[in-house]
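Below are the chains, spelled out letter by letter.
Number of protein chains: 6
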Amino acid sequence: MKLFSIKPVYAHCDLPCGVYDPAQARIEAQSIKAIMDKFGGLDDHSKTRAIIIKEERAELVKHHLLVLWADYFKPEHLEKYPDLHDKFWHAIKQASECKHHVEPAEGQKLLDMIDEIAEIFWATKK
Amino acid sequence: MKLFSIKPVYAHCDLPCGVYDPAQARIEAQSIKAIMDKFGGLDDHSKTRAIIIKEERAELVKHHLLVLWADYFKPEHLEKYPDLHDKFWHAIKQASECKHHVEPAEGQKLLDMIDEIAEIFWATKK
Amino acid sequence: MKLFSIKPVYAHCDLPCGVYDPAQARIEAQSIKAIMDKFGGLDDHSKTRAIIIKEERAELVKHHLLVLWADYFKPEHLEKYPDLHDKFWHAIKQASECKHHVEPAEGQKLLDMIDEIAEIFWATKK
Amino acid sequence: MKLFSIKPVYAHCDLPCGVYDPAQARIEAQSIKAIMDKFGGLDDHSKTRAIIIKEERAELVKHHLLVLWADYFKPEHLEKYPDLHDKFWHAIKQASECKHHVEPAEGQKLLDMIDEIAEIFWATKK
Amino acid sequence: MKLFSIKPVYAHCDLPCGVYDPAQARIEAQSIKAIMDKFGGLDDHSKTRAIIIKEERAELVKHHLLVLWADYFKPEHLEKYPDLHDKFWHAIKQASECKHHVEPAEGQKLLDMIDEIAEIFWATKK
Amino acid sequence: MKLFSIKPVYAHCDLPCGVYDPAQARIEAQSIKAIMDKFGGLDDHSKTRAIIIKEERAELVKHHLLVLWADYFKPEHLEKYPDLHDKFWHAIKQASECKHHVEPAEGQKLLDMIDEIAEIFWATKK
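If you're matching them up, the sequences are chains A, B, C, D, E and F in order.
Using numbering that gives the first Met the number 0, the first residue of the first sequence is number 0, and each one after it goes up by one.
Using numbering that gives the first Met the number 0, the first residue of the second sequence is number 0, and each one after it goes up by one.
Using numbering that gives the first Met the number 0, the first residue of the third sequence is number 0, and each one after it goes up by one.
Using numbering that gives the first Met the number 0, the first residue of the fourth sequence is number 0, and each one after it goes up by one.
Using numbering that gives the first Met the number 0, the first residue of the fifth sequence is number 0, and each one after it goes up by one.
Using numbering that gives the first Met the number 0, the first residue of the sixth sequence is number 0, and each one after it goes up by one.
So that you can see chain A by itself, here it is in the shape it has in the complex (with noise of 0.2 Å):
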């Protein structure tokens, strides 16, 4: 584990319309995961409050997903990338699916999808 500051998070935009980042949908997915890891060990007070965070926390990660696929990714990507509506649709539904369940499985499956966009992401930035 390094420093912070040899490891940039994040990348200056060099497009008018902002800063994106697939951390934002990560981080949020990480969350919904670590609930699910630790829920079978939770009292009953503790489950409802981590189903309201789990909810949320999925609510973000579409938000933030949307935010990438409609604002971020233009007509030029999508022919590079022909599969990045369907890989957009299958990582919201699976937020979505989040939502519903508690087995770490799902939250991992969401990481994973996001990490397949995340490296479409990075590799548009080049």
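Don't take every hint at face value.
Put simply, identical chains are the same to the list, so a pair is met inside one copy or across any two.
[Unchecked claim] Using 25 Å as the maximum straight-line C-alpha spacing, the simulated SDA-like pairs for lysine to any residue come out as follows:
1. K79 <-> E118
2. K86 <-> V101
3. K37 <-> K125
4. K124 <-> H89
5. K79 <-> K124
6. K79 <-> E96
7. K46 <-> P103
8. K73 <-> E55
9. K37 <-> T123
10. K125 <-> D36
11. K73 <-> L59
In case anyone wonders, no lab produced these hints; they're calculated from the structure.
Starting from the known structure of chain A, fit chains B, C, D, E and F onto it as the hints suggest.
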């Protein structure tokens, strides 16, 4: 510029209360800085929009810093970093300052303050 | 005036996940169009307010379209309407476009795109 | 199924302050009713989620009714419909009631109250 | 300075549904009035910010008044204060009015209307 | 019952940046305490609702305290009250604590911490 996949933005949280990442505050602060960089060249309609968005982003920076300060950091961290309170107080005040200003230097100052906090954060995660 | 106008505003949802209605996106889009229609005649204070409200409404359109796209539509719909992803992508991008513009034609374009989606939606409910 | 179903979902606003449509409150109320219809058959995790969502939807109903009552309706409408205040007050209270209950009859009562308001609304638009 | 000033800020709620306090609406209305008082002396950037903040505060006033009106007040209060509906309707409409105006007199009118409601509220708590 | 109760609910702000009042945090904290007082006697449905509402109220307390701490208080106040940072940090942490607990003593502790801050606040306004 490298692949996202070998530079983790994130760290799986080993604490009972969740996932924290200074990147959340930083990404919003980058938006603020980017808006300031472009502000001078915008038409009136876009200037109004830029102020609205800058206002929201600054509020998000404040929120994300609050979460780090009050939820993540514990008394043992404070002992090791006695100026932690001051660092957060000034960074949050700087986020408010960015609502009032359009000079990129104000946005940069906010980014620098968040980076200082991020360094402490990542040092405590080692 | 077209066929949408003889469709009921509501439909009791026969699916496990809830109630969907393209009217939610459409009503917000109408607001955007109405704001654009009036924009030229407004004083400075009202122009600023109009931009704030237009910004919020466009965000709501994007949110409501996301819900329809990712929560309501299923793979079987996509098979029947292979350009469904594109229709949503362009409609959501058009909602962003409406944040940048005050020409009523941009609002009308958004309304037309939502109507096309609504027609597909109601066809799948028959 | 009643007369509301032959009313258009939308109406271009001819007033200076915007677009109003009782469908906004009604769609959220339908969600509440749909949640109540399914509540008995849900598992514990889904029951908690249902209560969270019902809570949010009821809040949205209250908000949309407030907008209609205070933004759309004018003194001349009140003269013609002297029980307008009471109708809104009871409908908003019924939305709160739906937060406390899971009996579908409570959701239906809310829908009926919104339909009564919608009838008055559309009568004033003729 | 009037009798409201010697009332406690808080009162432990003796009703099943919670804690209510007209101070919530009043504090937001004071912000609106303070913004109006300063508006004339602001530069363009700050004027835009002031309009954004005034818009939000007015929305909060409307929300807090809705809560008091529909959640706290009961039929027995209405019997004793038959113009209660009208008082709330006009106060909420005045909050909307404050979105359109920057004259401090409009903010003062809103404050006075909230104070009248607060007097009734505290009378019912005796 | 202490001196706070004879302080006015409101104070016209004499600073350039707005109106501040610890009552905003306190009213939300009272809700939390009231929910805790009733929690034991609630049925399952209401318990879930109580946890949702407690979660929201605690979040609002944190937000209102952040505003006071970072927007209202200035370096000169800090000189006079060197433990101001600590008082806020612990109060905000206590608001988080209230999300985890249903014992009224936790809510009372939060109220006491807010009252201490309120005393300092009002002392600086003299």
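Output the numbers, in ascending order, of every earlier hint that fails for this structure.
none
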